[in-house]
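Undergrad: Sequence:
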Amino acid sequence: MLLSINGLGVNMFIDSGCHASFITESMWKQMGKPKLEPPEYKLKSGILGGGLNLIGHFMATVRYRHREFKLPLLVTSQSNRFIEFHNLNILGRVWLCCINLDWNRFFHTDLNKVMSPVNVDFRYETTNMMKLALELKSCCNSQCPSIKVRMEGVDIKMFVDTGSYDSSIGWSVWKALGKPKLEKTKTVLIAPNGRKTGVKGTCFVNVEYSGQKCFLPLLVYRRRKYTDSGAQIGRNWFHLLRIDFNSLFERINYCKKKTRNQANKPKGSHKYSENICRRCYTVWDPEV
Numbered sequence: 422m423l424l425s426i427n428g429l430g431v432n433m434f435i436d437s438g439c440h441a442s443f444i445t446e447s448m449w450k451q452m453g454k455p456k457l458e459p460p461e462y463k464l465k466s467g468i469l470g471g472g473l474n475l476i477g478h479f480m481a482t483v484r485y486r487h488r489e490f491k492l493p494l495l496v497t498s499q500s501n502r503f504i505e506f507h508n509l510n511i512l513g514r515v516w517l518c519c520i521n522l523d524w525n526r527f528f529h530t531d532l533n534k535v536m537s538p539v540n541v542d543f544r545y546e547t548t549n550m551m552k553l554a555l556e557l558k559s560c561c562n563s564q565c566p567s568i569k570v571r572m573e574g575v576d577i578k579m580f581v582d583t584g585s586y587d588s589s590i591g592w593s594v595w596k597a598l599g600k601p602k603l604e605k606t607k608t609v610l611i612a613p614n615g616r617k618t619g620v621k622g623t624c625f626v627n628v629e630y631s632g633q634k635c636f637l638p639l640l641v642y643r644r645r646k647y648t649d650s651g652a653q654i655g656r657n658w659f660h661l662l663r664i665d666f667n668s669l670f671e672r673i674n675y676c677k678k679k680t681r682n683q684a685n686k687p688k689g690s691h692k693y694s695e696n697i698c699r700r701c702y703t704v705w706d707p708e709v
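Residue 535 in my numbering sits at position 114 of the sequence shown, and the numbers go up by one each step.
Just so you know, these hints were derived from the structure itself, not from any lab. Please note: incorrect hints may appear among the correct ones.
Said to hold, decoys possible - Pairs of lysine-lysine residues, derived as DSBU-like cross-links and limited to a Cα-Cα distance of at most 35 Å, are as follows:
id : residue 1 : residue 2
1  : LYS578    : LYS621
2  : LYS605    : LYS621
3  : LYS596    : LYS621
4  : LYS634    : LYS578
5  : LYS456    : LYS558
6  : LYS634    : LYS602
7  : LYS569    : LYS602
8  : LYS602    : LYS621
9  : LYS491    : LYS454
10 : LYS558    : LYS450
11 : LYS607    : LYS621
12 : LYS552    : LYS596
13 : LYS491    : LYS456
14 : LYS569    : LYS558
15 : LYS621    : LYS569
16 : LYS569    : LYS605
17 : LYS558    : LYS491
18 : LYS634    : LYS569
19 : LYS552    : LYS578
20 : LYS491    : LYS578
21 : LYS596    : LYS569
22 : LYS600    : LYS569
23 : LYS578    : LYS605
24 : LYS578    : LYS596
To be verified - Label pairs and their calculated CB-CB ranges:
id : residue 1 : residue 2 : range
25 : ARG663    : GLY472    : 31 to 37 Å
26 : ILE476    : LYS621    : 34 to 40 Å
27 : GLU489    : GLN451    : 18 to 24 Å
Quick caveat: nothing in here was measured; it's all calculated off a predicted structure. Positions of the beta carbon are idealized from the N, C-alpha and C atoms, including for glycine.
Construct the entire structure; sequences and hints are all you get.
TA: This is the structure:
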């Protein structure tokens, strides 16, 4: 998605699996090196592990068509060679809720023939939408949006990750589905930090969601602590499975604790439930 950021045209890759938006250090230099505040945390990859080094953050002036926004933007260090080499600039969940486009038209190609926001309109902003956008600008973390689907007769909660092309499940989920037949694949998943991981195989499953029935492909992760019980929907399902992205992005849960000093990571934090913020380790507000 092409945006004007501090007067410079920047192609941003839309990733609902990432809380924050960030640009590369080289892109920041092209902008004239806007003054940075010290980074408050290290970006982590929830699927493949590892993290991204940051040099700071600033409040960016973002323009799209006739609207202007003031939005928080992180800057990654040049030490993240994969990010720099691919010039990877990410538009995360915070911006998704602030740049309030009709995301259904953006992601469903049958509604918008060209996969581009050129002809996509802004939506009317309700009070709740404006409140969410304001809170997300200052919160320390938010949850990836999710939906419940029925696969092979089993109800599964799946995260909707626009930053991933492939839909995937962990080893435990695959077993819960009755171990659908696996086909070998050479697919290798790569996180933004460049970390790679192979997959066990690919399978096809019967999927039911909101009155829709589809037969869709899934990658199955090898057994791994952080992915064993995971399930995510990637872009390869978007053309067949009708998801209401507008409604989904209006219901993003966020952590209401706002602090510059994040708590030290406690031992065994990977055992925490999904209701715990993995940055400041406080409980999510259940009313949001």
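Undergrad: For every hint, state whether the structure bears it out.
TA: Hint-by-hint comparison with the structure:
no.: 1; hint: LYS578 <-> LYS621; in the structure: holds (21 Å)
no.: 2; hint: LYS605 <-> LYS621; in the structure: holds (7 Å)
no.: 3; hint: LYS596 <-> LYS621; in the structure: holds (13 Å)
no.: 4; hint: LYS634 <-> LYS578; in the structure: holds (17 Å)
no.: 5; hint: LYS456 <-> LYS558; in the structure: holds (18 Å)
no.: 6; hint: LYS634 <-> LYS602; in the structure: holds (20 Å)
no.: 7; hint: LYS569 <-> LYS602; in the structure: holds (23 Å)
no.: 8; hint: LYS602 <-> LYS621; in the structure: holds (11 Å)
no.: 9; hint: LYS491 <-> LYS454; in the structure: holds (17 Å)
no.: 10; hint: LYS558 <-> LYS450; in the structure: holds (23 Å)
no.: 11; hint: LYS607 <-> LYS621; in the structure: holds (9 Å)
no.: 12; hint: LYS552 <-> LYS596; in the structure: violated (41 Å)
no.: 13; hint: LYS491 <-> LYS456; in the structure: holds (15 Å)
no.: 14; hint: LYS569 <-> LYS558; in the structure: holds (27 Å)
no.: 15; hint: LYS621 <-> LYS569; in the structure: holds (24 Å)
no.: 16; hint: LYS569 <-> LYS605; in the structure: holds (27 Å)
no.: 17; hint: LYS558 <-> LYS491; in the structure: holds (9 Å)
no.: 18; hint: LYS634 <-> LYS569; in the structure: holds (14 Å)
no.: 19; hint: LYS552 <-> LYS578; in the structure: holds (26 Å)
no.: 20; hint: LYS491 <-> LYS578; in the structure: holds (34 Å)
no.: 21; hint: LYS596 <-> LYS569; in the structure: holds (18 Å)
no.: 22; hint: LYS600 <-> LYS569; in the structure: holds (20 Å)
no.: 23; hint: LYS578 <-> LYS605; in the structure: holds (25 Å)
no.: 24; hint: LYS578 <-> LYS596; in the structure: holds (15 Å)
no.: 25; hint: ARG663 <-> GLY472: 31 to 37 Å; in the structure: holds (35 Å)
no.: 26; hint: ILE476 <-> LYS621: 34 to 40 Å; in the structure: holds (37 Å)
no.: 27; hint: GLU489 <-> GLN451: 18 to 24 Å; in the structure: holds (20 Å)
Checked against the numbered hints listed earlier, the structure breaks hint 12 alone; every other hint is satisfied.
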